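Student: Chain by chain, the residues run as shown.
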Amino acid sequence: GAGVSQSPSNKVTEKGKDVELRCDPISGHTALYWYRQSLGQGLEFLIYFQGNSAPDKSGLPSDRFSAERTGGSVSTLTIQRTQQEDSAVYLCASSSNRLATEQFFGPGTRLTVL
Amino acid sequence: QQQVKQSPQSLIVQKGGISIINCAYENTAFDYFPWYQQFPGKGPALLIAIRPDVSEKKEGRFTISFNKSAKQFSLHIMDSQPGDSATYFCAPWSGTSGSRLTFGEGTQLTVNP
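Going down the list, the sequences are from chains A and B. Residues in the first sequence are numbered consecutively from -18, following my numbering. Residues in the second sequence are numbered consecutively from 152, following my numbering.
Be careful, since some hints might not be right.
Said to hold, decoys possible - What follows is a list of derived Cβ distance ranges for each label pair:
| id | chain 1 | residue 1 | chain 2 | residue 2 | range |
| --- | --- | --- | --- | --- | --- |
| 1 | B | Glu177 | A | Leu80 | 29 to 35 angstroms |
| 2 | B | Asn218 | A | Thr(-6) | 21 to 27 angstroms |
| 3 | A | Lys(-2) | B | Lys166 | 42 to 48 angstroms |
| 4 | A | Pro(-11) | B | Asp230 | 16 to 22 angstroms |
| 5 | B | Lys193 | A | Glu1 | 20 to 26 angstroms |
| 6 | B | Gln223 | A | Glu1 | 24 to 30 angstroms |
Claimed, not checked - Straight-line Cα separation of at most 27 angstroms, BS3-like style, residue types lysine-lysine; simulated pairs:
| id | chain 1 | residue 1 | chain 2 | residue 2 |
| --- | --- | --- | --- | --- |
| 7 | A | Lys38 | A | Lys(-2) |
| 8 | B | Lys219 | B | Lys208 |
| 9 | A | Lys38 | A | Lys(-4) |
| 10 | B | Lys208 | B | Lys166 |
| 11 | A | Lys38 | B | Lys193 |
| 12 | B | Lys166 | B | Lys219 |
| 13 | B | Lys222 | B | Lys166 |
| 14 | B | Lys208 | A | Lys38 |
| 15 | B | Lys208 | A | Lys(-8) |
To be clear, the hints were calculated from the coordinates, so they are not data collected in a lab. These numbers come from a predicted model, not from an experiment. From the three backbone atoms N, C-alpha and C, an ideal C-beta is built for every residue, glycine too.
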């Protein structure tokens, strides 16, 4: 079946602009995660959704970052007033439920802030 | 606070050799210990994982060794192949203190033909 998909695959933006990154999880997966992968920082957790609610937002680095999930499916990560340090690969993962140990990752969105 | 420390940062082995990657953790609430494999341009994918009630798990050429008292676990790749060249992450998980994976820094493995 289809895996986790993310769009766009690449995004180049200018400093100060807002960007939206989209994640389509595996159908039926109730848990959804966003991670960020950057040089020097490795893979870091951003936010976790169970259904449409986000019980753990502790990894969001600043109030410029927000995320939502609708219909228990698609999720959007929004970065406002982008900064150069936001440049990274943003990865989305899903799992069948909160206690499922395997997370399935999408290919990521590479964000470059000029 | 660095909860998970992975070593080495990079590793070069010859085809047919053994690759060993180590992971040390601090959080005793972790109760699932996976290794993820990532190829360039792809997201990480689960390779092999172990529960803390066993000390070793083998799947084909891949083995996890787990030492609960030392809070360490390692990945062994036997008969390493060029196709194993990738970045490997340990990413322990706790079902009782959040569902996030806590990633190590990653190990870039290169297997020379």
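Student: When the hints from earlier in the document are held up against this structure, which numbers fail?
Tutor: 1, 2, 4, 6, 12, 13, 14 and 15
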